[in-house]
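Peer 1: Protein chains in written order, with our numbering: chain A, 53 to 268; chain B, 19 to 183.
Don't read these hints as lab results, they were simulated from the structure.
Incorrect hints may appear among the rest.
Said to hold, decoys possible - For lysine to aspartate or glutamate, the following EDC-like pairs were computed, each having C-alpha atoms within a straight-line distance of at most 20 angstroms: (1) 26/B <-> 49/B; (2) 70/B <-> 148/B; (3) 174/B <-> 77/A; (4) 83/A <-> 21/B; (5) 91/A <-> 55/B; (6) 126/B <-> 49/B; (7) 176/B <-> 267/A; (8) 61/A <-> 122/B; (9) 54/B <-> 137/B; (10) 165/A <-> 267/A; (11) 264/A <-> 49/B; (12) 33/B <-> 77/A; (13) 140/B <-> 267/A; (14) 264/A <-> 166/A; (15) 54/B <-> 166/A; (16) 126/B <-> 151/B.
As the list claims (entries may be wrong) - Beyond 10 angstroms from chain A on every Cβ pair, some chain B residues (computed): (17) 28; (18) 30; (19) 51; (20) 73; (21) 87; (22) 88; (23) 93; (24) 125; (25) 134; (26) 141; (27) 149; (28) 153; (29) 158; (30) 178.
Don't be surprised by glycine CBs; every beta carbon is placed ideally from N, CA and C.
So the chains spell out like this:
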Amino acid sequence: MEGLDLLKKDWQKSTNSFTQIGENELSNMLKLRSSSIVKWIFFVSICELLLGIVLGITLSLSKAHDESSELLQKWGIYEFYMACSIVFYLVVVWFIYRFYQNYRKISVVSSTKELITNIINTRRVVKRYIAFNLISFAVLFIVVCSFGFYHGYTTESVMHNGNGQMPLTVMITAIIILILITAVLTLIFWLIYKLIYGILLRRLNRSYEELKKMEL
Amino acid sequence: MMEQSLEKDFVEKLKMNQNLIHKICRLYTQDEDQHKDLFQEITIQLWKAYPKFRGESKFSTWAYRVALNTAITLYRKDKRSIQTSDVETANLFIKEEQYNYEEEEQIKLMYRAVQQLNDIEKALVFMYLEDKDYHEIAETLGISEVNARVKMNRIKGKLKKILNP
Numbered sequence: 053m054e055g056l057d058l059l060k061k062d063w064q065k066s067t068n069s070f071t072q073i074g075e076n077e078l079s080n081m082l083k084l085r086s087s088s089i090v091k092w093i094f095f096v097s098i099c100e101l102l103l104g105i106v107l108g109i110t111l112s113l114s115k116a117h118d119e120s121s122e123l124l125q126k127w128g129i130y131e132f133y134m135a136c137s138i139v140f141y142l143v144v145v146w147f148i149y150r151f152y153q154n155y156r157k158i159s160v161v162s163s164t165k166e167l168i169t170n171i172i173n174t175r176r177v178v179k180r181y182i183a184f185n186l187i188s189f190a191v192l193f194i195v196v197c198s199f200g201f202y203h204g205y206t207t208e209s210v211m212h213n214g215n216g217q218m219p220l221t222v223m224i225t226a227i228i229i230l231i232l233i234t235a236v237l238t239l240i241f242w243l244i245y246k247l248i249y250g251i252l253l254r255r256l257n258r259s260y261e262e263l264k265k266m267e268l
Numbered sequence: 019m020m021e022q023s024l025e026k027d028f029v030e031k032l033k034m035n036q037n038l039i040h041k042i043c044r045l046y047t048q049d050e051d052q053h054k055d056l057f058q059e060i061t062i063q064l065w066k067a068y069p070k071f072r073g074e075s076k077f078s079t080w081a082y083r084v085a086l087n088t089a090i091t092l093y094r095k096d097k098r099s100i101q102t103s104d105v106e107t108a109n110l111f112i113k114e115e116q117y118n119y120e121e122e123e124q125i126k127l128m129y130r131a132v133q134q135l136n137d138i139e140k141a142l143v144f145m146y147l148e149d150k151d152y153h154e155i156a157e158t159l160g161i162s163e164v165n166a167r168v169k170m171n172r173i174k175g176k177l178k179k180i181l182n183p
């Protein structure tokens, strides 16, 4: 093609036409901080990984926790709650390990496709971690609230000379409302999450798609 | 002490090869500020990767891979709007007198067309302009040689379309 070859001629001619940067200035540049997207992804991911842990620890140390464990014991789901917590933290540790493993694979010297794949895989781990967090939150929220509501309702019922039973319609309505609330909350979290990463990864995803298209 | 001599060594090599980085910046940025920004980011990435550079390949070969990867995947600025004036200012980094005024207009149009390509296409064009063979292009991008060839032909077609709509 005439155009591109003309450009090539100009390109090679202009090799030495850039304003040259001196050694001192180059030396100074080495001390500057990178603002690369991987660094951003790394920091944001670490924050996300830490958020769950910090939240869990803060809650378990707070006074509210003592009260709520009493409640959970009264409702008879304390063991269930503890088992869930242990499983939850084991899974979190596994996620952090996977994240670290993938992050180490990111190298600017690999081929472009490999580099993008590794960045996206690292993100995928955090994405799954977030999904896992949201699902555990939703499940636990539903279980604890159901027990709380059931317990509260039956206690009230006995106090007001009722039979201590919950009618089926009340139970179904309560469950539906609970599921709706949980769904809305989860959806809001998910949307915020999508928005942050949509912006951060838009260009990367575009390049990834382009490379994938080329291999078809 | 070791660090100091490593830095000196690196800066010397970088200074000698800086045009390569300038050229990538020219394709991937639209104004002088972005050019400086990307140049800086590439320098930092090169320096971070330098301890692992074993000298098996030429510094320039190693550097242009790191530089391209930085431009395509790591660079954070996402200013996509392409305006004529941007392309004009992008040439600010070029010393004026180097231009051949007879072909200048056509070359300018070509640069403008190339600016409209996506990041991966720009990488292919860059390596084509740098006279790299398809083996090297394929290896750098992580695709097959055949696909690199096919893609290059498509890009030529796309550029033609941009220039003669």
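Peer 1: Determine for every hint whether it applies to the structure shown.
Peer 2: Each hint tested on the structure:
Restraint check for residue 26/B and residue 49/B: not satisfied, since their Cα atoms lie roughly 30 angstroms apart, outside the 20 angstroms limit. A hinted pair counts as satisfied when its Cα atoms are at most 20 angstroms apart, and residue 70/B with residue 148/B does not qualify at roughly 25 angstroms. Our distance criterion of 20 angstroms between C-alpha atoms is broken by residue 174/B and residue 77/A, whose separation comes to about 38 angstroms. Between residue 83/A and residue 21/B the alpha-carbon distance is near 13 angstroms, which keeps this suggested pair within the 20 angstroms criterion.
Only pairs whose Cα atoms come within 20 angstroms are accepted, and residue 91/A paired with residue 55/B is accepted, the gap being roughly 16 angstroms. Restraint check for residue 126/B and residue 49/B: the C-alpha separation of about 15 angstroms stays at or below 20 angstroms, so the hint holds. A C-alpha spacing of about 18 angstroms is found between residue 176/B and residue 267/A, which places the hinted pair at or below 20 angstroms, so the restraint holds. Pair hint residue 61/A plus residue 122/B holds up; C-alpha atoms about 12 angstroms apart against a cutoff of 20 angstroms.
Of the supplied pair hints, the one linking residue 54/B and residue 137/B holds, its CA atoms being roughly 18 angstroms apart against a limit of 20 angstroms. Pair hint residue 165/A plus residue 267/A holds up; C-alpha atoms about 11 angstroms apart against a cutoff of 20 angstroms. For a cut-off of 20 angstroms, the pair hint linking residue 264/A to residue 49/B is broken: about 30 angstroms separates their Cα positions. Between residue 33/B and residue 77/A the alpha-carbon distance is near 10 angstroms, which keeps this suggested pair within the 20 angstroms criterion.
Simply put, residue 140/B and residue 267/A have alpha-carbon atoms about 17 angstroms apart, close enough for the 20 angstroms limit, and the pair holds. A threshold of 20 angstroms between alpha carbons decides the hint, and for residue 264/A with residue 166/A the separation of about 12 angstroms falls inside it, so the pair holds. The straight-line distance between the Cα atoms of residue 54/B and residue 166/A is roughly 27 angstroms, outside the 20 angstroms bound, and the hint therefore fails. For the suggested pair residue 126/B and residue 151/B, the alpha carbons sit about 25 angstroms apart, so the restraint of at most 20 angstroms is broken.
Interface exclusion of residue 28/B from chain A breaks down, the closest Cβ pair being 8 angstroms apart, not more than 10 angstroms. With a minimum CB-CB distance of about 7 angstroms to chain A, residue 30/B fails to clear the 10 angstroms threshold, and the non-interface call is violated. With 10 angstroms as the threshold on Cβ separation, the claim that residue 51/B sits away from chain A holds: the shortest Cβ distance comes to roughly 13 angstroms. Here residue 73/B stays apart from chain A, with its beta-carbon at least about 13 angstroms from theirs, past the 10 angstroms limit.
With a closest Cβ-Cβ approach of about 5 angstroms to chain A, residue 87/B is found to fall inside the 10 angstroms limit, against its non-interface label. Consistency note on residue 88/B: stated as away from chain A, yet its beta-carbon is not over 10 angstroms from all of that chain's, at 6 angstroms minimum. Residue-level check failed: residue 93/B sits 7 angstroms from the nearest beta carbon of chain A, not beyond 10 angstroms. Not every C-beta of chain A lies more than 10 angstroms from that of residue 125/B, the closest at about 5 angstroms, which undercuts listing it as non-interface.
A cut-off of 10 angstroms between C-beta atoms confirms that residue 134/B is not in contact with chain A; the least separation is 13 angstroms. Here residue 141/B does not stay apart from chain A, with its beta-carbon only about 7 angstroms from theirs, under the 10 angstroms limit. At roughly 8 angstroms from the closest C-beta of chain A, the C-beta of residue 149/B falls inside 10 angstroms, breaking its exclusion from the interface. Non-interface call for residue 153/B relative to chain A: holds, since the shortest CB-CB distance, roughly 13 angstroms, exceeds 10 angstroms.
With a least beta-carbon separation of about 6 angstroms from chain A, residue 158/B fails to lie farther than 10 angstroms from that chain, contradicting its non-interface assignment. Not every C-beta of chain A lies more than 10 angstroms from that of residue 178/B, the closest at about 7 angstroms, which undercuts listing it as non-interface.
This entry does not satisfy hints 1, 2, 3, 11, 15, 16, 17, 18, 21, 22, 23, 24, 26, 27, 29, 30, going by the numbered hints stated previously.
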